[in-house]
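Letter by letter, the sequence shown follows residues 1 to 157 in the UniProt record's numbering.
There's no promise every hint is true.
Simulated pairs of lysine-lysine, DSSO-like, Cα-Cα distance not exceeding 30 Å [unchecked claim]:
1) Lys50 to Lys133
2) Lys133 to Lys18
3) Lys137 to Lys100
Derived by calculation from the structure, the hints in this document are not laboratory data.
Keep in mind that this is a model prediction, so the values were computed, not measured.
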Amino acid sequence: MQIDFIDETELVENDLIKLLEDVLQYAANEENIEESAEMSVTIVDDETIKQINADYREKDYATDVISFALEEQGEGELDIVGDDLPVHLGDIVISFDRAKAQANEYDHSLNRELAFLSVHGLLHLIGYDHETKADEKAMFQKQESILQSFGLKRNET
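Between the sequences and the hints, there should be enough to build the whole structure, so can you do that?
Take a look at the structure:
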């Protein structure tokens with residue numbers, strides 16, 4: 001899978017970007033995502049994600065991760081054409097500030113928190129959600145399973 005990383009904060013080191021790419025590639029393999037699929041991950045600050053959250057979700061607060069799935073077809077939208085083109089799953093936006101705060105709150109590493117948010121975002125891109133208790137349980141079990149089998153366990157600092 002092709003993953004484009006954009007670090008608008010200029011705070012994320014290359015080894016952390018490599019870890020996120022590795023965990024997302026691992027998750028893509030676990031979820032049988034086509035190798036030709038594409039997606040992007042953008043790391044921003046709280047102010048930026050708060051604005052995105054307000055603009056697109058009408059929620060006036062900073063959040064940790066937002067996913068924009070591009071392959072979902074909304075009601076009344078035309079069919080996507082171009083079967084020979086790579087699938088663009090969508091875009092994930094992660095708040096570096098929220099990730100740091102949550103890593104401290106949950107007493108684990110920033111690496112683990114950013115990986116968690118990345119996998120969470122990817123699962124949203126491929127159709128998982130947590131609108132109901134059952135969906136939430138399934139999604140959180142899936143992301144925890146991926147992180148555990150990848151080797152990123154909870155409460156490791």
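We went through each hint and held it up to the structure:
no.	hint	verdict
1	Lys50 to Lys133	holds (26 Å)
2	Lys133 to Lys18	violated (33 Å)
3	Lys137 to Lys100	holds (24 Å)
Violation of the numbered hints given earlier is confined to hint 2; every other hint is satisfied by the structure.
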